[in-house]
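We have chain A already, so just place chain B on it with the hints.
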Amino acid sequence: MLKLWKKFPGQLKRLILIFLLFVAALMTARHFLIPHDYGQYGNYRGGSVHEIANLEVKYAGQIVCVDCHDDIAEIKFAGYHKNVACEVCHGPGAAHVEDSDIELTSPRGRDLCILCHEYLPSRPTGFPQIVSESHNRVKPCISCHDPHDPVPPEAPKECSACHGTIARTKSHSYHADVECVYCHQASPEHKVNPRENLPSKPKTRDFCGKCHAEDADVEFGIPRVDMDAHEKRYVCWQCHYPHLPEAGQ
Amino acid sequence: MEPTTHHLYSLFHEISGYIYPNEIELHWKLLIVIYPYLTGLVAGAFILASLVKVFNVQQLKPTYRMSLLTALAFLIAAPLPLLAHLGHPEKSYEIFLTPNTTSAMAMFGFVYAWYLGAVLLLEIWLDYRRDLVLWARKEKGVKKWLHKALSLFSVDIYDKAVRFDKKFVKIITIIGIPSAFLLHGYVGFLFGSIKANPWWSSVLMPIVFLFSAIVSGIALMLIIYMIVTMMKERTVDRACLEKLASFMFYAMIVDFSLEILDFMHRIYESEESIKILAELVSGKLFVSLIVIQLLIGMIIPLMAIAGAKLFKIPFELKKIVYFVSALLVQFGIFSTRWNVVIGGQLFSKSFRGLTAYKMEFLGLEGLMVSLAIMILPLFILWFLFKVLPPWDDARNP
Chain A
1 MLKLWKKFPG QLKRLILIFL LFVAALMTAR HFLIPHDYGQ YGNYRGGSVH EIANLEVKYA
61 GQIVCVDCHD DIAEIKFAGY HKNVACEVCH GPGAAHVEDS DIELTSPRGR DLCILCHEYL
121 PSRPTGFPQI VSESHNRVKP CISCHDPHDP VPPEAPKECS ACHGTIARTK SHSYHADVEC
181 VYCHQASPEH KVNPRENLPS KPKTRDFCGK CHAEDADVEF GIPRVDMDAH EKRYVCWQCH
241 YPHLPEAGQ
Chain B
1001 MEPTTHHLYS LFHEISGYIY PNEIELHWKL LIVIYPYLTG LVAGAFILAS LVKVFNVQQL
1061 KPTYRMSLLT ALAFLIAAPL PLLAHLGHPE KSYEIFLTPN TTSAMAMFGF VYAWYLGAVL
1121 LLEIWLDYRR DLVLWARKEK GVKKWLHKAL SLFSVDIYDK AVRFDKKFVK IITIIGIPSA
1181 FLLHGYVGFL FGSIKANPWW SSVLMPIVFL FSAIVSGIAL MLIIYMIVTM MKERTVDRAC
1241 LEKLASFMFY AMIVDFSLEI LDFMHRIYES EESIKILAEL VSGKLFVSLI VIQLLIGMII
1301 PLMAIAGAKL FKIPFELKKI VYFVSALLVQ FGIFSTRWNV VIGGQLFSKS FRGLTAYKME
1361 FLGLEGLMVS LAIMILPLFI LWFLFKVLPP WDDARNP
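Here the protein sequences come in this chain order: A and B. Numbering of the first sequence is given in my numbering, commencing with residue 1 and proceeding in unit increments. Numbering of the second sequence is given in my numbering, commencing with residue 1001 and proceeding in unit increments.
Same shape as in the complex, but just chain A (with noise of 0.2 Å):
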């Protein structure tokens, strides 16, 4: 070996040198620097495993609150906040179900519900929303509603109570003088259980007709079809959006 090493150029000694210093620098790093749990699991330290599952559990889950305050869960379950967790509202509980004398908060005034409730384009049709700006400024929001029952203190009487971004898109088309029930007609049940209840929506052509054939007795100006040739195998909503009829097809 010592033969075969006189024998290698002297610029090549000094490479090879160089290199083995950097192979020994770099297993000494990792041999100071990587964490001996390191990879036990994965790209991470093994050890994060359980200082994670070690730390303190704030949650109780619902399913412990059930069992001492059953007479709020009934309510609860059987109303639209069924599947909001009690923790959601009154914080983290594991330390009250440890010792009762440390109490839960409640939510007294309006900034937690307008988190859900607060009026906002994206959020689905139906899903109630109000602008907390214009809706009763200065009460809290339980001196009406019940948190763990909450229906509206008394039922809308306008769509827009929860239909807003229709009601808002429709306010500025060509379609904002014509009533919602024009062209829905909804059961009063609707109000009160409003997915088992739809209303209804136009079946046929003739009623898009009735303003828009060309023979109808309407005043001037509204946009007239010829029924019969004009797309006929589709009702008018396929591909007309009503509430906004001036946007694209």
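Since the hints were made in silico from the structure, they are not lab data. Idealized CB from N, CA, C, for every residue including glycine. Hints are supplied without guarantee of correctness; some may be wrong.
[To be verified] As a list, the in silico BS3-like pairs of lysine-lysine whose alpha-carbon atoms are at most 30 Å apart:
no.: 1; chain 1: B; residue 1: Lys1160; chain 2: A; residue 2: Lys7
no.: 2; chain 1: B; residue 1: Lys1170; chain 2: A; residue 2: Lys13
no.: 3; chain 1: A; residue 1: Lys7; chain 2: B; residue 2: Lys1144
no.: 4; chain 1: A; residue 1: Lys13; chain 2: B; residue 2: Lys1160
no.: 5; chain 1: B; residue 1: Lys1160; chain 2: A; residue 2: Lys3
no.: 6; chain 1: A; residue 1: Lys139; chain 2: A; residue 2: Lys210
no.: 7; chain 1: A; residue 1: Lys3; chain 2: B; residue 2: Lys1170
no.: 8; chain 1: B; residue 1: Lys1170; chain 2: A; residue 2: Lys6
no.: 9; chain 1: B; residue 1: Lys1312; chain 2: B; residue 2: Lys1243
no.: 10; chain 1: A; residue 1: Lys7; chain 2: B; residue 2: Lys1170
no.: 11; chain 1: B; residue 1: Lys1232; chain 2: B; residue 2: Lys1243
no.: 12; chain 1: B; residue 1: Lys1386; chain 2: A; residue 2: Lys13
no.: 13; chain 1: B; residue 1: Lys1160; chain 2: B; residue 2: Lys1170
no.: 14; chain 1: B; residue 1: Lys1167; chain 2: A; residue 2: Lys13
no.: 15; chain 1: B; residue 1: Lys1166; chain 2: A; residue 2: Lys3
no.: 16; chain 1: B; residue 1: Lys1144; chain 2: A; residue 2: Lys13
[To be verified] Covered by chain B, per the in silico footprint, the following chain A stretches (three or more residues, Cβ under 8 Å):
no.: 17; segment: 14-23
no.: 18; segment: 27-39
[Stated by the list, open to error] Partial pick of chain A residues on the chain B-facing surface, computed with a CB cut under 8 Å:
no.: 19; residue: Pro9
no.: 20; residue: Gly10
no.: 21; residue: Gln11
no.: 22; residue: Asn43
Coordinates of chain B only, in the frame set by chain A:
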């Protein structure tokens, strides 16, 4: 209004069509444009150097050492935009300690280290070793010890040792060519493998990146060679300059053909993204893609060089034509990087709208930091030229 909100608010007027909320702000900004631009220059300059050693193009010999040092200067600066963009540069060594082989981005450190250590530094050291030893013998003071240390206190300069150096350099250059392809092909691969983005996702991407890198590297060497020769008040080697211009021309022809091929392929395929891409090219990218990249950075220099080669014009005028063409090519290639990086983020993944990029002036991802990173390699190069003079008359006989 918060500064971030204020920054984004001014973009609202620039948005057209429908975009998703998280698409207003671009995440890869000017720094990420500079990163492939710099690595491209490195790869291109190295390929030029290898033309001398591997393909024995003797006319380019005056630019050989200059190309190697330029590649080194730009390679030193190449990771800086990434470090500035990612933040926490003090943690960057971790990618070497715990390599993640399933992440292309995490493997960059190794591609970079291989190219720097196993190719560039080694070739420069072996090529300069004899001169370093001889310089150190003649010099005094700091310079003597600097050159001694750089030669790793080597002393053998007899014929056999120098012959060994030359042979070794040739082997490294041969390894260096695929390595240079790997370095810049890798950058193209990063973009080309993002399958969710139709502007980037293309197998041609690494190849297009590579040839545009060769174009920009040769153009840069033409500029540096002419400026340095002028500054040192020497005459430009006519054969060398003509060869540089020829190779730049050939590389541009290949690059141009590949880009046109990519373009035709996209149009013929006409995937669902074609409409928004057409809108992008004819709108927001019109100036940077059609005017700067294609017209100013490709067609005009191609015609100018072809004209200068075909018609008999005075050499002084030719020099100007080549120099200006090389400058235009630099603008063109920078625009290419811009169009890839920024262009790929300007359209919504819904394919229904376009957003805009507002460049910051100050700040870590702003114009000033980017300019500083772009200028830094020139200072490094100036320092390297001082320590390792590449001129022929600095060589020891």
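**Report entry** Violated hints - listed by number, lowest first
**Finding:** 6
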